[in-house]
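S.K.: Numbered per the numbering used here, the sequence shown finishes at 473, counting up by one with no gaps.
Hint data in this document are derived by calculation from the structure and do not stem from the laboratory. Treat the hints with caution; some may be incorrect.
To be verified - Keeping only pairs whose Cα atoms sit at most 27 angstroms apart, straight-line, the calculated DSSO-like set for lysine-lysine is:
| id | residue 1 | residue 2 |
| --- | --- | --- |
| 1 | 242 | 20 |
| 2 | 242 | 78 |
| 3 | 447 | 238 |
| 4 | 78 | 20 |
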Amino acid sequence: MTAYKVTNPATGEVEREFPEATDADIHTALDRAGGAFPSWAATDPAQRAELLSRVADIYARRKSELAAIITREMGKPHGQAQAEIDIVVSIYRYYAQNGQEFLRTESVDDAPDGSAVVQSDPYGVLLGIMPWNFPYYQVARFAAPNLMVGNTILLKHAPQCPESAQAMEEIFIEAGLPEGAYVNIFATNEQISDIVIPDPRVQGVSLTGSERAGSAVASAAGKNLKKVVLELGGNDPFLVLDREILPQAVRGALQGRMLNAGQACNAAKRIIVLDDIYDEFLEQLDSAVGNLELRDPTDENTFIGPMSSESAAEDLDSQVQDAISKGANLHHGGRRADRDGAWYEPTLLTGITQEMRAYREELFGPVAMVFRVRDEEEAIALANDSDYGLSASVNATDVEHAQQVGRRIETGMVFINEPAGTAAQLPFGGVKRSGVGRELGRFGMEEFVNKRLVKVAD
16 MTAYKVTNPA
26 TGEVEREFPE
36 ATDADIHTAL
46 DRAGGAFPSW
56 AATDPAQRAE
66 LLSRVADIYA
76 RRKSELAAII
86 TREMGKPHGQ
96 AQAEIDIVVS
106 IYRYYAQNGQ
116 EFLRTESVDD
126 APDGSAVVQS
136 DPYGVLLGIM
146 PWNFPYYQVA
156 RFAAPNLMVG
166 NTILLKHAPQ
176 CPESAQAMEE
186 IFIEAGLPEG
196 AYVNIFATNE
206 QISDIVIPDP
216 RVQGVSLTGS
226 ERAGSAVASA
236 AGKNLKKVVL
246 ELGGNDPFLV
256 LDREILPQAV
266 RGALQGRMLN
276 AGQACNAAKR
286 IIVLDDIYDE
296 FLEQLDSAVG
306 NLELRDPTDE
316 NTFIGPMSSE
326 SAAEDLDSQV
336 QDAISKGANL
346 HHGGRRADRD
356 GAWYEPTLLT
366 GITQEMRAYR
376 EELFGPVAMV
386 FRVRDEEEAI
396 ALANDSDYGL
406 SASVNATDVE
416 HAQQVGRRIE
426 TGMVFINEPA
436 GTAAQLPFGG
446 VKRSGVGREL
456 GRFGMEEFVN
466 KRLVKVAD
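With these hints in hand, go ahead and build the complete structure from the sequences.
M.R.: See below:
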């Protein structure tokens, strides 16, 4: 049975299957992407920008249809799915509008004995390995800047997202991208490690996914001397530092933890609250979580639908039950919902201790954990007591002080008085075991660029 199939997580039913690529298919895809690179790299950047604008227009025109696909594939509520399309449109427009400036040749003003410039040239064929939790957005933040640079792309999507993967390739074709510049491959993990990454035409790999997947890909890429960008897991802290910010912080914690059924790498997974306001905060968050309802993801007004798959719900439940069995306090939820599909009740836990899996592991689902700390020093220490370092949120009425606290937290991103988020203009990425490299913004466009020096003697 094929691994690439649409299994509706709201019902558990398999709705569509797609055949895996043969080895011959993979070699053909490499030939196509490699063959397209020279001409695409030589294309005027203004033409590449025009194409990205057309891609954005197609996404905007087909928003409802595209949103319905990922609601079927991974259970994202339709309203949130449409919001994902909106940010995808903004990403393609951002690089269409700014990409030429980012690629401009820069002078080296103090070059000795002559003049020098640094050019931004394409890298070559790139492999993208993308996850299921934001099927269009994750691809856009990789594909948009790199197509603007002049690189060509092989894209391996998550096996549960074959329909959206196919739709994206069709959008590029409709927009007029040259044959082979973007190629979708329904590849196996073995084909990726044994055929694609070792191929000399492939110059880099970008992966968003689990720590385990990132380690495997980084190992294969390192063995073959290929550059990688890795955006992996997170166990992001959400700090609440004073009483005046409480109503806003409660809303931010709820949104930051439960959006997309809690399945976001930069979700607010560890909510850390100072002792003197802990009881008040917990009472408000407890009430808010208790009011959440699991609803049909096709309903425009649904906030939480099913998780992405039954296996994901089972893994989450195993972590939650481990915590409860070792003394964690369960305030709401804590179990699979009694219905077909991948439904998990919105859950609130306190009393998490170090011997519990939930203390160190990433909980990728609708489970909020609240930690009580004596003071800011303990809050910062707890925030940093993690193998991950993706993002952090610091909530306080004194913004300058919140920024000072944020500088002491070991993450790639800090958000003040709002849950962690994303935008086309903002560089996205982490430190420690959350990965290497950056996506989005100007920095995201510089990862797979040959910064070529040209020196002219005086």
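S.K.: So, for every hint listed, does it hold in this structure?
M.R.: Here is how each hint holds up against the structure:
no., hint, verdict
1, 242 to 20, "30 angstroms, violated"
2, 242 to 78, "34 angstroms, violated"
3, 447 to 238, "21 angstroms, holds"
4, 78 to 20, "22 angstroms, holds"
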